[in-house]
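Colleague: Residue numbers (our numbering), protein chains in the order written: chain A, 1 to 209; chain B, 1001 to 1209; chain C, 2001 to 2209.
Calculated directly from the structure, the hints in this document are not laboratory data. Just so it is clear, the structure is predicted and the values come from calculations on it, not from any experiment. Incorrect hints may have been included.
[As the list claims (entries may be wrong)] Stretches of chain C that chain A covers, calculated by requiring three or more beta carbons in the stretch to come under 8 Å of a beta carbon on chain A:
| # | stretch |
| --- | --- |
| 1 | 2027-2036 |
| 2 | 2129-2142 |
| 3 | 2166-2177 |
[What the hints assert, rightly or not] Every beta carbon over 12 Å from chain B, so not counted as near; a handful from chain C, in silico:
| # | residue |
| --- | --- |
| 4 | M2001 |
| 5 | F2008 |
| 6 | I2012 |
| 7 | S2076 |
| 8 | L2077 |
Every residue gets a Cβ at the ideal spot worked out from N, C-alpha and C, and that includes glycine.
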Amino acid sequence: MLLTLIEFLAVISAGVYGVLLARRLGMDFVGVFSVAFIISFGGGTLRDLFLDRTPLFWIAAPHYPIIIFFLAVVLSLIRYPARFFERLLPIPDALGLGLFSVVGTAYALETPDMSWFNAALFGVVTGTFGGVMGDVVCNRVPSLFRPSTPLYATASFLGSWTYILLTEFHVIESIAATLGLAVVVFTRLAAIKWDIRLPDLRYGTEEID
Amino acid sequence: MLLTLIEFLAVISAGVYGVLLARRLGMDFVGVFSVAFIISFGGGTLRDLFLDRTPLFWIAAPHYPIIIFFLAVVLSLIRYPARFFERLLPIPDALGLGLFSVVGTAYALETPDMSWFNAALFGVVTGTFGGVMGDVVCNRVPSLFRPSTPLYATASFLGSWTYILLTEFHVIESIAATLGLAVVVFTRLAAIKWDIRLPDLRYGTEEID
Amino acid sequence: MLLTLIEFLAVISAGVYGVLLARRLGMDFVGVFSVAFIISFGGGTLRDLFLDRTPLFWIAAPHYPIIIFFLAVVLSLIRYPARFFERLLPIPDALGLGLFSVVGTAYALETPDMSWFNAALFGVVTGTFGGVMGDVVCNRVPSLFRPSTPLYATASFLGSWTYILLTEFHVIESIAATLGLAVVVFTRLAAIKWDIRLPDLRYGTEEID
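One chain only, chain A, in its complex shape (with noise of 0.2 Å):
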């Protein structure tokens, strides 16, 4: 129950994102449309892709693609939709990256040979891939791997070992998740309060060609 609620809270607000995107880039209703199925479904299809999984989640959650389809309907009747929506995105959006990372993390490791690194790749393809797909496809370097974003994948990743480590450690699957779940929405929003980012790696491009 409560997951289904944050599922559905973390597949809207991966649309809204995505709607806002393409608007910004004047977009029309099929690139807005695009754009937000890609941001919110593209991580779950690239994990079940790697996995093998059939049918594809969005083919077996048939309604999602529906309510996305709705949501780019309404939003984009709106005039000046990101003034409302940008404040509440960041905790629906930090719920969903948990709650995707946790979900691709325990699907992962459902797999044979998986090792702990790949398990926890996987919780981060599937919290952050779709918006870094969306991003590609909007012809932008992915936010995602730019400095200029608070942690994003790092939260997820941290989130992921989080729930493999308690469960290698036999601690009850539902617990495990909840703290991975915790561990992600915790390093998510502090990195945005106090504004903690990854260090730019830039080399001086003087010093070379």
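Given chain A, put chains B and C in place with the hints provided.
Modeller: What follows is chains B and C alone, placed relative to chain A:
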């Protein structure tokens, strides 16, 4: 027979678009062939991966990649290819959009748990996402997502729904497919003729951030 | 044994390219690791998805993602990494291109219905499309597609065909693989030494639209 001819024309016209785009951007033959390949086969490849169909259609129909290869060779030798071809393309391209939309929708409907809405999305992805991936790989915002193109994904969506609703109401398969294809072709060619586009959804950026 | 060493050097050199590219673009560690991962494993991942091979090779060989992680950490701590590494890279990179081309082709030939031409494409995709995806995610036109790079996909294509023809004429597998790899390495290094490139196929844009 007629289907094979339409498919052939559709692959050729997608390939021609790819060659022209890559040459316009100053690529070499590797780029020209790759972009033509991606535009011709990208949508169907995504469909097959998402539906877990194996082998991929261009592995099962291995003459198509060879056709695109020789098309790319021939069109790379022509000095001013655009002048000759751009007039001819819209009709085979619209036919191909119609065919691939209907085929993609039909394959999707064979999958258990497939909602009508998702099946229509599979029609659109099959018909249009080769072009989206071609644009992405050429470092352009996909023209499919921008209001500068006359109805394209919209035509595919309408035709896919036509096919879905007719087959669900037990219309004979071949009639449903023909009508679905006709809706796509008519919508697309009408949109080109009367320059019908979806509106630009950009919002005033001076109002936010 | 020798194969394992070549594979190791190839993964390392692809990872180094990825780190240098991401740092040059001013990314943070998330970007550096992601780009290195995509360049190192992207081509093989596409091959595995297209051939429906499961688990993905970097899930079956889980030390590789960890190697790339520590490579990214170490290379992120060096102040001027390019000066030291760019001299060393072409030889391991050419070896890796050769190895991955031959391995990709060999895996493709195991698949039923695989045409020789498609098998050669699988060699090229395995050897080169990690770099293409790395460029795409960094918002650049893939250097593989541009005439500014000495023969790269072409070297892979020639070596893949060498391997295909030799195995089809019943040459012993290990000899066919060695000769295929040698053709790739020789072609690539000769192309670098004598600056051999494919021609720019741009046509006069003033002639059309």
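Colleague: Next, verify each hint and record whether it holds.
Modeller: Here's how the hints hold up against the structure:
no.	hint	verdict
1	2027-2036	holds (count 8)
2	2129-2142	holds (count 4)
3	2166-2177	violated (count 0)
4	M2001	33 Å, holds
5	F2008	27 Å, holds
6	I2012	25 Å, holds
7	S2076	26 Å, holds
8	L2077	31 Å, holds
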